[in-house]
Amino acid sequence: MPKTIAEINERIKKGDAVVVTAEEIIDIVDKKGVEQAAKDVDVVTTATFGPMCSSGFYFNFGHSKPRIRAQKVWLNNVPAYGGLAAVDAYLGATELPEDDPTNTIYPGAFKYGGAHIIEELVSGKDVRLKAISYGTDCYPGKEVETIINLNDMNEAVLFNPRNAYQNYNVGVNCSDRVIYTYMGVLQPRMGNANYSSAGQLSPLLNDPLYLTIGIGTRIFLGGGIGYVVWNGTQHNPCALRGENKVPKRGAGTLAVLGDLKQMSPNWLRGVSMTGYGVSLAVGIGVPIPILNEEICRFTAVRDAEIYAPVIDYSTTYPQRESDVITEVNYSQLKSGKIIVNGKDIPTGGLSSYAKAREISGILKEWIQKGDFILTDKVASLPSSDSGISLKPLRETTPQ
Amino acid sequence: MKKRVVLTFPKQTIEEPITYHLIRDYDLMVNILSAKVAPNEEGRMVIELSGQKEMLHNGIEYLKGLGVTTQSLAQDVIWDEQKCIHCTACIPLCPSHALSVDRTQMLVSFNSDRCIVCGLCLKTCPYHAIEIRF
Chain A
1 MPKTIAEINE
11 RIKKGDAVVV
21 TAEEIIDIVD
31 KKGVEQAAKD
41 VDVVTTATFG
51 PMCSSGFYFN
61 FGHSKPRIRA
71 QKVWLNNVPA
81 YGGLAAVDAY
91 LGATELPEDD
101 PTNTIYPGAF
111 KYGGAHIIEE
121 LVSGKDVRLK
131 AISYGTDCYP
141 GKEVETIINL
151 NDMNEAVLFN
161 PRNAYQNYNV
171 GVNCSDRVIY
181 TYMGVLQPRM
191 GNANYSSAGQ
201 LSPLLNDPLY
211 LTIGIGTRIF
221 LGGGIGYVVW
231 NGTQHNPCAL
241 RGENKVPKRG
251 AGTLAVLGDL
261 KQMSPNWLRG
271 VSMTGYGVSL
281 AVGIGVPIPI
291 LNEEICRFTA
301 VRDAEIYAPV
311 IDYSTTYPQR
321 ESDVITEVNY
331 SQLKSGKIIV
341 NGKDIPTGGL
351 SSYAKAREIS
361 GILKEWIQKG
371 DFILTDKVAS
381 LPSSDSGISL
391 KPLRETTPQ
Chain B
1 MKKRVVLTFP
11 KQTIEEPITY
21 HLIRDYDLMV
31 NILSAKVAPN
41 EEGRMVIELS
51 GQKEMLHNGI
61 EYLKGLGVTT
71 QSLAQDVIWD
81 EQKCIHCTAC
91 IPLCPSHALS
101 VDRTQMLVSF
111 NSDRCIVCGL
121 CLKTCPYHAI
131 EIRF
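Heads up: the protein sequence lines correspond to chains A and B, in order.
Residues in the first sequence are numbered from 1 upward in steps of one, following the working numbering.
Residues in the second sequence are numbered from 1 upward in steps of one, following the working numbering.
Hints listed in this document are in silico derivations from the structure and should not be mistaken for laboratory results.
Note that the structure is a prediction, hence the values are computed from the model and not measured.
Incorrect hints may have been included.
[Claimed, not checked] Counterexamples of contact, computed for chain B against chain A with all Cβ distances above 12 angstroms: (1) Lys2; (2) Glu15; (3) His21; (4) Asp25; (5) Ser34; (6) Ala38; (7) Lys64; (8) Trp79; (9) His86; (10) Ile91; (11) Pro92; (12) Ser100; (13) Val101; (14) Asp113; (15) Ile116; (16) Val117.
[What the hints assert, rightly or not] If you only want the chain A side, here are some residues facing chain B, beta carbon under 10 angstroms, derived: (17) Arg269; (18) Val271; (19) Ser272; (20) Met273; (21) Ser279; (22) Pro309; (23) Asn341; (24) Gly342; (25) Ile345; (26) Ala354; (27) Gln368; (28) Gly370.
Beta carbons: idealized from backbone N, C-alpha and C, even for Gly.
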């Protein structure tokens, strides 16, 4: 008997809902079978915690006296985008301070950037705000400089255009020198292999065809409440999939949004990737309502059934070639070692499985306590039947 | 008895053959784990000393007499568990398995006794969770 979200929410409000994590559902389906599990379980909680570069927040910092248009804006010398209405700005997670030496002293350390400011703000710290403008009759101010914190801002909204990647590459380095990438420090001659997914706990790997996760889905975001607001950028639902419908390549993504004022530095952390840049580690938890057997079966996916491509980040990736060295599964990746071309390669993660597990537990508790009610999606994300393909940049000579 | 220490040499002592004296005069086994000694610069060396307790003590006194400062390793490498998110990016790069993972919990831990202060983890940790202070 299929269930509805309204029925599940009734049980959540009464404190009767059966909520389990995406790890726990695996054993339940093993023991009871999918038919019984789908009847017994109401919600499966999924989660991920890893670097997600396409993140940032928009904010309104209030009007100075006299007023200023705030054409250009900085927080702690890191530029925020001011091309919005007066005193609105957007700070991107990967933005660097004006005086950062970047990779001029290779590999750059990238100790500080937009992501670290976000972490400081949610830690309650003050930051230095500077804005300049050209002066207008209605906004005569040309410069303002002050100290500001999250409470002082009228609105502060985390808005991440591409998060929660549904599967991702495993990065290796086939060259003879160390390389510094967004997949971490990669040692020469495949000295290590880095991966970045929570695998069997990851939201979109538990709902591979986006049957329940869609626009309007309420989620755990950075320790507060957020929403899925659109598909993420580079959403690629027609990527290669296995028989279990789970993508074997980077596929779907989510655009997410939530009130930064509710969030915590436990779940929003500045990331410094040597030789690459700054990023933000974002904690995301997504509840999946078990409406029927199909959805239940999808949530029971395990690491050994999720495959990722091993890609050379010294040539193939930077040159946008498509060679995949081999495919490995997350059970192998998490064991600490994979075998590629007969060679043992130690693995390292970028996404924290331990923290993803913690988030799936927190979200489970919120739902069990009745503090978190599920939402029905208001529109679906484009899925594997959408015909979407990722377009590379068409480079033409300007006339 | 065995002890791992970080030695810091003032410029003027870098021509002193200290390993020779530690071995010959104090009967100590000296295992050099890492070293950076350049002319006209302060030198740093991480060594493991093993031998009789008294000789070990005397050997270290000999170093102090030369103006070489000694610190035990555990004091110098700091793994901040609050900053660590247990991503495991450092694990494949740590040559002595001082950083390791409990594969059931997927939690990282640091065993300072195994650390050889190579510094590889510093560039690898995206969260500045490891600090080396000399």
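(request) Please settle this one: valine 101 of chain B was flagged as non-interface, so is its CB more than 12 angstroms from every CB on chain A? (result) violated, 7 angstroms
(message) Quick check for students: does the CB of histidine 86 of chain B sit more than 12 angstroms from each CB in chain A?
(response) The claim is violated: histidine 86 of chain B sits with its nearest Cβ about 4 angstroms from chain A, within 12 angstroms.
(message) Next item in the hint list is glutamine 368 of chain A. Is there a CB on chain B closer than 10 angstroms to its CB?
(response) Because about 23 angstroms separates glutamine 368 of chain A from the closest Cβ in chain B, which is outside the 10 angstroms limit, the hint is violated.
(request) Test the statement that valine 117 of chain B is away from the interface with chain A: the closest C-beta pair must be farther apart than 12 angstroms. (result) At about 18 angstroms from chain A, valine 117 of chain B clears the 12 angstroms cut-off, so the statement holds.
(request) Mind verifying the non-interface call on glutamate 15 of chain B? Its CB should be farther than 12 angstroms from each CB in chain A. (result) Since the minimum Cβ distance to chain A is about 31 angstroms, glutamate 15 of chain B lies beyond 12 angstroms and the statement holds.
(request) Identify whether the interface hint at isoleucine 345 of chain A stands, where standing means a beta carbon of chain B within less than 10 angstroms of its own. (result) Constraint on isoleucine 345 of chain A satisfied, holds at 8 angstroms.
(request) Would you check whether valine 271 of chain A satisfies its interface hint, that is, whether its CB is within less than 10 angstroms of any CB in chain B? (result) holds, 4 angstroms
(message) Just want to verify: serine 100 of chain B was marked as not at the interface with chain A; is every Cβ pair farther apart than 12 angstroms?
(response) violated, 9 angstroms
(message) Interface hint check: methionine 273 of chain A, Cβ to nearest Cβ on chain B, cutoff 10 angstroms. Holds or violated?
(response) At 6 angstroms from the nearest chain B Cβ, methionine 273 of chain A passes the 10 angstroms test, so the hint holds.
(message) Minimum C-beta separation from proline 92 of chain B to chain A exceeding 12 angstroms: can you confirm that?
(response) violated, 3 angstroms
(request) Test the statement that lysine 64 of chain B is away from the interface with chain A: the closest C-beta pair must be farther apart than 12 angstroms. (result) Correct as stated: the minimum Cβ-Cβ distance to chain A is 35 angstroms, above 12 angstroms.
(message) Checking hints one by one. Is alanine 354 of chain A an interface residue toward chain B, by the C-beta closer than 10 angstroms rule?
(response) holds, 4 angstroms
Violated hints for the displayed structure, listed by number in ascending order: 9, 10, 11, 12, 13, 22, 23, 24, 27, 28.
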